[in-house]
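Asker: Each protein sequence line maps, in turn, to chains A and B.
Residue numbers for the first sequence follow our numbering, so the first one is 1 and each next one is one higher.
Residue numbers for the second sequence follow our numbering, so the first one is 261 and each next one is one higher.
Each hint should be verified, as a subset may be incorrect.
[Stated by the list, open to error] Each computed DSS-like pair below joins lysine-lysine, with the alpha-carbon atoms no more than 25 Å apart:
1. B/Lys686 / A/Lys113
2. B/Lys687 / A/Lys172
3. B/Lys687 / A/Lys170
4. A/Lys133 / B/Lys598
5. A/Lys174 / B/Lys687
6. B/Lys687 / A/Lys113
7. B/Lys686 / A/Lys172
8. B/Lys630 / B/Lys483
9. B/Lys524 / A/Lys133
10. A/Lys81 / B/Lys686
11. A/Lys242 / B/Lys687
No wet-lab data here; the hints were simulated from the structure.
Okay, here's what each chain looks like letter by letter:
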Amino acid sequence: MSRVSQFLLIVFCLTLLSVLQPEILAEENKAEETAPVRVAIFDFPGSGSLGDESLPRFLTPENGFQCTIISPEEIRDGQLKNFDVVIMPGGSGSGQAKALKPEGRAEVRKFVKNGGGYVGICAGAYLASSHYKWSLDIINARVWDRSHWNRGKSNVTIQLTPAGSEVLSKSKSKYNIYYSNGPLLVPDNQTDLPGYEVLATFESGVARNGAPAEAMVGTHAIIRSKFGSGRVICFSPHAEFKKGPHSLIASGVYWAASQD
Amino acid sequence: MYANRASLIRMLMLLLIWKSSPLPLDACTTAVISGKATVDGRPLLWKNRDAPARHNEVALLTEGPLRAVAVVNAGSRRSAWMGMNEAGFCIENSLSTDLRQPGKKTGPANGLLIKRALLTCRTVADFKRLLEDTNQSGRRTVANFGVIDAQGGAALFETGPTSFTMFDANDPAVAPNGYIVRSNFATTARDFPANPTPEQLGTIYSAERYSQACSRLDIQKSKGISVEYVIRHLTRDLSHATGVPHPGTVNNAAKPLPATIATKNTISRTTTVSAAVFHGVKPGEDPRLATMWTILGDPSFSLAVPTWVDVQSIADPLTDENGAELGEIAITLRDWNKTDDGESINTDCLPGIWSDLWPVEDKILTLTNKFQAARREHGYPTGAVTRFHQKMANLAMNAMQQELREMKQAAVTLPAPAPPAFAPVKKTIVIP
Numbered sequence: 001m002s003r004v005s006q007f008l009l010i011v012f013c014l015t016l017l018s019v020l021q022p023e024i025l026a027e028e029n030k031a032e033e034t035a036p037v038r039v040a041i042f043d044f045p046g047s048g049s050l051g052d053e054s055l056p057r058f059l060t061p062e063n064g065f066q067c068t069i070i071s072p073e074e075i076r077d078g079q080l081k082n083f084d085v086v087i088m089p090g091g092s093g094s095g096q097a098k099a100l101k102p103e104g105r106a107e108v109r110k111f112v113k114n115g116g117g118y119v120g121i122c123a124g125a126y127l128a129s130s131h132y133k134w135s136l137d138i139i140n141a142r143v144w145d146r147s148h149w150n151r152g153k154s155n156v157t158i159q160l161t162p163a164g165s166e167v168l169s170k171s172k173s174k175y176n177i178y179y180s181n182g183p184l185l186v187p188d189n190q191t192d193l194p195g196y197e198v199l200a201t202f203e204s205g206v207a208r209n210g211a212p213a214e215a216m217v218g219t220h221a222i223i224r225s226k227f228g229s230g231r232v233i234c235f236s237p238h239a240e241f242k243k244g245p246h247s248l249i250a251s252g253v254y255w256a257a258s259q260d
Numbered sequence: 261m262y263a264n265r266a267s268l269i270r271m272l273m274l275l276l277i278w279k280s281s282p283l284p285l286d287a288c289t290t291a292v293i294s295g296k297a298t299v300d301g302r303p304l305l306w307k308n309r310d311a312p313a314r315h316n317e318v319a320l321l322t323e324g325p326l327r328a329v330a331v332v333n334a335g336s337r338r339s340a341w342m343g344m345n346e347a348g349f350c351i352e353n354s355l356s357t358d359l360r361q362p363g364k365k366t367g368p369a370n371g372l373l374i375k376r377a378l379l380t381c382r383t384v385a386d387f388k389r390l391l392e393d394t395n396q397s398g399r400r401t402v403a404n405f406g407v408i409d410a411q412g413g414a415a416l417f418e419t420g421p422t423s424f425t426m427f428d429a430n431d432p433a434v435a436p437n438g439y440i441v442r443s444n445f446a447t448t449a450r451d452f453p454a455n456p457t458p459e460q461l462g463t464i465y466s467a468e469r470y471s472q473a474c475s476r477l478d479i480q481k482s483k484g485i486s487v488e489y490v491i492r493h494l495t496r497d498l499s500h501a502t503g504v505p506h507p508g509t510v511n512n513a514a515k516p517l518p519a520t521i522a523t524k525n526t527i528s529r530t531t532t533v534s535a536a537v538f539h540g541v542k543p544g545e546d547p548r549l550a551t552m553w554t555i556l557g558d559p560s561f562s563l564a565v566p567t568w569v570d571v572q573s574i575a576d577p578l579t580d581e582n583g584a585e586l587g588e589i590a591i592t593l594r595d596w597n598k599t600d601d602g603e604s605i606n607t608d609c610l611p612g613i614w615s616d617l618w619p620v621e622d623k624i625l626t627l628t629n630k631f632q633a634a635r636r637e638h639g640y641p642t643g644a645v646t647r648f649h650q651k652m653a654n655l656a657m658n659a660m661q662q663e664l665r666e667m668k669q670a671a672v673t674l675p676a677p678a679p680p681a682f683a684p685v686k687k688t689i690v691i692p
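Bound conformation, chain B alone (with noise of 0.2 Å):
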């Protein structure tokens, strides 16, 4: 009796822990931007994927009705946690636990729905038709998911279990910058407006990740927002808590870099795992130029790489069932790099990676802006599409082996105390 009671009240304790904490490794920070704050008039849409799944990789989804290209956890199809499809529908997600309700749910969790909306929805109402379908049938979402749609859409939808609310990132009244940022709250469980200030945020968790997007992308937004701007600006942010990016990162590349940075709560953070940024099309545009440029592993350690949902395979470099090898070099560079405790990175050695790789960055983007140009004026079959595709991730491959050639030989050579001095050995030992 008494023991049972214990368990009980053990349970119970347990239950309002996991109720109210947040859950540090699954998190991510994202934005849903229209084509009217674009340099192109291109919607864009944005997740930094923070989760403890960290090896990633890049799969077609061809069970159709819909063809898709996502973001998994590798090795598994189950879920996808960020991808488009052939009708230019992107989608992606921020956890955010305080949506639950209590009761147990059943039906499709995030990543689940993410991928059934990928092979089933073709435009922004589709998905919202999908959530007002599920609403009956039960989800157990937690999340704000971002889409959007050839025909202009670009949206964000606060979900919990059985309810969800939509915000517009084109209607000036809810979005009137033209975008919408969220990381692992929800404003509609939280009584905020849609795009609270760090004030009315004050302290809950992920507050920081959300400000220092928004400042990014307020920064940028007179210039029109690009997608060299949030593969680069914001993938890799790496701000101080207050705001401030630190000196000698993307965002502040004056001044030399303090020794480690604290990476707990930025955007480039401890437990970033692959991030995405879609580049959508202009409607009347083919839906099948949209793009996903992925960047497997912590992004400040990566390069970003174009798919598209017509390519015929992923190319080799974004795909392994135990973990793409970009990615898995990306994973070797950070943790080589990282603190004894785990939570902040040594400084030494980013610019040396930051100049060796954002070139190559730059070098794809522009041979990748000029297929796309020459797609949209003639059109390419898809052996073509594919092949340009296993060029730009061959490409970031080599730089990013390079890169681990160069880092495992500086760790070889690293500088050491010398070895004392040995008496000479007496003899060995010979066993047939």
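Chain A on its own, in the form it takes in the complex (with noise of 0.2 Å):
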């Protein structure tokens, strides 16, 4: 072959390349935006969570979610690995954690282990932490001021941090969202775990029931981290309660469902 054949023959592909590579990309954007991320939402008789109504009103297909109720059996069986994210939401963390015995807690790791993603929401904060004997130790957190961990329920302002801007909401920094209870979260230092990235700080605080006025302010609403090849988001505060913000939630299990 020719020089002039080769030359035209690179310039054939090269022009045949770039008029199907559009044609990919848009197959490939069009695949992502189309599979919805599922979602498995975990609840059972008596777990004091209202996440089982309040999570599918706006997890929705529409909005690219497909949630489905999980239980601590389905956990134990092996199921998550039908869902690309679990949400543990609001009860009570002890509870979810006795709820799923060890088996259950065993199964959870190692779904978010193998890339699987994990949402806290308040108990499932908890739960995530590496603070109690019956956490997850999933994400290196510990609560702050524990004893006073009933300090009340009432709308607080938290900030979100220029990462929480990223992954959480472009639009808006700051939020009046509904607390109820949750962990106080700040940093733990287990050597076997990474760190965490703070996506929001409590600007406002409760203190009911003994809890001391300041103890709340600064300390950490929202935080990301990954576990092995998953990744791990809590929240502190209710952003699923009927007043939301509901994007919070939703760009948190999105997040929590992709992989790197």
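Combine both chains into one complex, guided by the hints.
Answerer: What follows is the structure, given as structure tokens:
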């Protein structure tokens, strides 16, 4: 083949590739946009959680999610493999741990370690922490002032960090949000876990039932990290409740379900 | 039939366990110190309260006949756990389950009897009469009650449901050093002498705390025991089970602290929820000069604040139906420094806490000494006493709040492993 022929062949191939590539990428995007995130919402009788009702209201197929309620038995049975992300909602962290039993807790850890996403909300954040003998130890976080864990329920203000804005909301950085005895998260220094990144801090606090007035402000409200190949995000307040902001939870679930 | 028999056996077993077990949560360490043993001739009374009721507050008891001030469970005025009244009568207790008697008992239990004594007794003799009366009508008490009064009286009463034994701290035959220490045993229930030695106590429950308190007082007796000494060196004692104070603690300041200190059996311990040191008056002095120094929370993480019975109201940091804020901060500080099993404390932060708090307490003690001297000389109206009480409480509260801020900041900025690298975020989802 002459040099001219070789040159023409290369030009032809490049032209063909440039024509085809947008269509290939479009197909990938289409697949990504059309395949909903498969979300397992943990619940069981007596859980005290409203997450099974509040989360499916906005984690809808229209918004890119497919929600299924999952029981402790199903988790112990290995059913998390059918999902992209598990949400441990409100209720009681120790109650969730008790319902899961050691086998269920091991399944959750295995799921996240192998690339699954974990979203902890309030009780689910307590559960994810590395502070309690019953906790999952999947995020390097302790709970500040746990003696006053029942500090009360009220709307509080949280401030997103720059990382929080990138992950959860590009439009707004300060939110009024419902808080209900969630963990005041601070770093732990477990050497077998990576640290976490702060996505939001409490700018105001609740101090009922004897809780010291200044204990809450400045502690961490939303944090993220990885456990093995999986992503972990913990929300202390309840962005999933009626007045939201639901976007924070939806974006957090989407982030946790994504893989690096 | 079989079910009934099984239930009966279970109940009997539970009863047996309940009868024979110490109750580590309801405990306390106490001392009655006569004026003969103190540096200024005024009697002292001390209690470290170990109880499951963690949230405590200071309350005025005004339903009379006598006005009193006491440490109570937060939000409750039914019982009192240590206090003093306008006659200068002061009282505390330590639980002593070995004084229990078989059968169901009725009448006032420990806290209720303390409250009744505060509202009605002017002297140690009055309290003795109250016990004599209730010997007949019945009590549910199983406690060692320590009392002092404004006439120089200082005594301890080992008190069961229908009988009691008095130990006079002014009687050299009973208290050769002028003080009587009790933790959670009664000498009368165990055939011990009035001041048993550690060897005589053997391994009974609370023997360590008793021995440690005796040891701390014995060390000081030649110099005279002061209110400052009891506040700093007894309420905060952290000693090894052998009785040797841990290096770096209030009673052994010369050496560095160990990394952790087991606090299951120390005087300042896992279950200590408050402490009080009563500084009585000399015979002839105005009984309203008697001072209740209250430490809310574990004394190792808190500050002593003076209160007098004629204050018009208790200062805000010391009172709240959910737990006085000063004490609640102490709970937060202790909680953050305890080990995961809850049985010990990590000592990393203790030097910092103590170097911040003790100078403030020293200042409160110095200012109070001056104030009391001026009161003795000139007499002050209740408004002035109230204002001074509030000022001291605010001094303590400001120091505790600052400590809370610093501890929180340390917690939030703890050096931790670095976060992992995250891939750029693909998108956020906006839900209207």
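Asker: Against the earlier hints, flag every one the structure doesn't satisfy and list their numbers going up.
Answerer: none
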